[in-house]
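Novice: Sequence order for the protein chains is D and W. Using this note's numbering, the letters of the first sequence correspond one by one to residues 1 to 230. Using this note's numbering, the letters of the second sequence correspond one by one to residues 1 to 258.
Hints should not be assumed to be uniformly reliable.
30 Å max Cα-Cα, derived DSSO-like pairs, lysine-lysine [claimed, not checked]:
#1 W:Lys12 to W:Lys26
#2 D:Lys106 to W:Lys79
#3 D:Lys105 to W:Lys12
#4 D:Lys106 to W:Lys243
#5 W:Lys26 to W:Lys79
#6 D:Lys105 to W:Lys3
#7 W:Lys26 to D:Lys106
#8 D:Lys105 to W:Lys79
#9 W:Lys148 to W:Lys3
#10 W:Lys79 to W:Lys3
#11 D:Lys47 to D:Lys148
#12 W:Lys148 to D:Lys106
#13 W:Lys112 to D:Lys105
#14 D:Lys106 to W:Lys12
#15 D:Lys105 to W:Lys26
Simulated from the structure, these hints should not be mistaken for laboratory data.
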Amino acid sequence: MNASAVMMLWGTSIGKKAVMAVTGFILVGFVIGHMLGNLKIYQGEEKFNAYAAWLREVGSPAFGHEQFLWLARLILLMATALHIVAAAQLTQMSYDARPVSYAQKKAIQATYASRTMRWGGVIITLFVVYHILHFTFGAVGFTPGQYKHLSVYRNVVIGFSVWYVAAFYIAAMVALGLHMYHGVWSMFQTLGLNTENAGRPYQALATVSSIVVVLGNISVPTAVLAGLLK
Amino acid sequence: MMKLTLRVWRQKNATAPGRFVTYEAKNVSQDMSFLEMLDVLNEELIGRGEEPIAFEHDCREGICGSCGFMIDGLAHGPKRATTVCQLHMRSFRDGDSLTIEPWRARAFPVVKDLIVDRSAFDRIIQAGGFISAPTGSAPDANAILIPKEHADLAFDGAACIGCGACVAACPNAAAMLFTAAKVSHLGLLPQGQPERDDRVRKMVTVMDGEMFGSCTNIGECEAVCPKEIRLYFIARMNHDLIKAGIKVRKMSQQAARI
Ligand code: FES
Chain D
1 MNASAVMMLW
11 GTSIGKKAVM
21 AVTGFILVGF
31 VIGHMLGNLK
41 IYQGEEKFNA
51 YAAWLREVGS
61 PAFGHEQFLW
71 LARLILLMAT
81 ALHIVAAAQL
91 TQMSYDARPV
101 SYAQKKAIQA
111 TYASRTMRWG
121 GVIITLFVVY
131 HILHFTFGAV
141 GFTPGQYKHL
151 SVYRNVVIGF
161 SVWYVAAFYI
171 AAMVALGLHM
181 YHGVWSMFQT
191 LGLNTENAGR
201 PYQALATVSS
211 IVVVLGNISV
221 PTAVLAGLLK
Chain W
1 MMKLTLRVWR
11 QKNATAPGRF
21 VTYEAKNVSQ
31 DMSFLEMLDV
41 LNEELIGRGE
51 EPIAFEHDCR
61 EGICGSCGFM
71 IDGLAHGPKR
81 ATTVCQLHMR
91 SFRDGDSLTI
101 EPWRARAFPV
111 VKDLIVDRSA
121 FDRIIQAGGF
131 ISAPTGSAPD
141 ANAILIPKEH
151 ADLAFDGAAC
161 IGCGACVAAC
171 PNAAAMLFTA
181 AKVSHLGLLP
191 QGQPERDDRV
201 RKMVTVMDGE
211 MFGSCTNIGE
221 CEAVCPKEIR
231 LYFIARMNHD
241 LIKAGIKVRK
251 MSQQAARI
């Protein structure tokens, strides 16, 4: 696509939604990959730490140390920024579209997930900021000297042994699951792939992917709290 | 005979502030339509020298799309696939108290009481424009072959009566279901192909410009549509618009070559 096509699409509400769908697809892909990576913790300290070290060498020898990692981070950051900017603009548009609200309004078939996309998105954003400060930088949630760069297994076990940190992670994962439950299906609807016959598989995909991501991720803090990972 | 308490939105004109006024509707028969119930109440108000409640209506058989307001938070009331004129009082119980208010959307300003101005819909349709091909006299009915599924789907879209319930029920006040129905019923037929890309671009642009909100795929529109127009029509419009957007590139590339 060239600039004029992108600008034409970005200029419409539907085009902005398409941007949200495509960036959402990238982010969901990352979330699934991240969850699978998390599960490597069950292979033991050595393998999990080796996995973290390997992430820094992906693409070698074509990519140098951490080069691929930073490329991926850059793409994710741009996808997140576009996703949020589009969401903010579209939300503003919708708020403006109903200046007088109803005295009484009932929902018939809207799911809880679909009605909490905006605040869910805010919660997930705040969580991601905390999560990076926590496990990537060790800046929060650790006492001085506890966090060691690249001893990821220890960091996770120590980090999650604080019960309220673990509880926050679990709550954030539920928010992420709800966001994905409506978001993944929405992706297909927004990109126009949902047809009179094809709707069901997309809904099923949304349900399965969100449940798998939530359970996989929640298992880690739960296992730490239960004393299974130490 | 039933008795109902109605909390009705009263607003003198577009600029006056409105408020809810409570009325007792007595002697309501189960066989009355909702509008007939209001007619009886209005007779009484006129008898008392009060201003009757203004509501829009025309066909009273569920096909023109003029009627429509919120009854207890639901567009066109509690019955599915039903306009307010086709809603009967047997759907309610004696002693019920109901809140009645107009569609709420910036694009649908209140004209008076329960009447809103839906001309934004007309402007979206106008943006669809005319077909540019010279059509001559009326062709034979079956001269152009149309696959049965396409004809059926186009008809499903064409069933839209433009009542505005989709906008009213949408938490975003989006007009996607309406616009999608209009875009699709033309876009599905062979006669609608030459202008297909142009039409969807223009109609979506006008829809956005009319200050409707942005769809979040929640599906409340589909739930209240008296003509049961389905959510996948919106996906169809999204698809057409994205495709039309990509074709802008092809056109500009061709222009560059010339
Ligand atoms: S008055 Fe025509 S649809 Fe209700």
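Novice: Hint by hint, note whether the structure agrees.
Specialist: Hints versus structure:
About 25 Å separates the Cα atoms of W:Lys12 and W:Lys26, which keeps this hinted pair within 30 Å; it holds. Between D:Lys106 and W:Lys79 the alpha-carbon distance is near 13 Å, which keeps this suggested pair within the 30 Å criterion. Annotation: proposed proximity of D:Lys105 to W:Lys12 holds, straight-line Cα distance about 23 Å (limit 30 Å). Proposed proximity of D:Lys106 and W:Lys243 is contradicted: the alpha carbons are some 35 Å apart, above 30 Å.
Our distance criterion of 30 Å between C-alpha atoms is met by W:Lys26 and W:Lys79, whose separation comes to about 22 Å. A distance of roughly 23 Å separates the Cα atoms of D:Lys105 and W:Lys3; the hinted pair therefore holds under the 30 Å criterion. For the suggested pair W:Lys26 and D:Lys106, the alpha carbons sit about 26 Å apart, so the restraint of at most 30 Å is met. For the suggested pair D:Lys105 and W:Lys79, the alpha carbons sit about 15 Å apart, so the restraint of at most 30 Å is met.
At most 30 Å may separate the alpha-carbon atoms for a hinted pair to count; W:Lys148 and W:Lys3 exceed this at roughly 49 Å. The hinted pair formed by W:Lys79 and W:Lys3 meets the criterion: a straight-line CA distance of about 20 Å does not exceed 30 Å. A hinted pair counts as satisfied when its Cα atoms are at most 30 Å apart, and D:Lys47 with D:Lys148 qualifies at roughly 17 Å. With a C-alpha separation of about 37 Å, the suggested pairing of W:Lys148 with D:Lys106 is violated against the 30 Å cut-off.
With a C-alpha separation of about 20 Å, the suggested pairing of W:Lys112 with D:Lys105 holds against the 30 Å cut-off. For the suggested pair D:Lys106 and W:Lys12, the alpha carbons sit about 26 Å apart, so the restraint of at most 30 Å is met. Using a Cα cut-off of 30 Å, the hinted pair D:Lys105 and W:Lys26 holds, with the two alpha carbons roughly 26 Å apart.
Violated hints, in rising order: 4, 9 and 12; the structure is consistent with all others.
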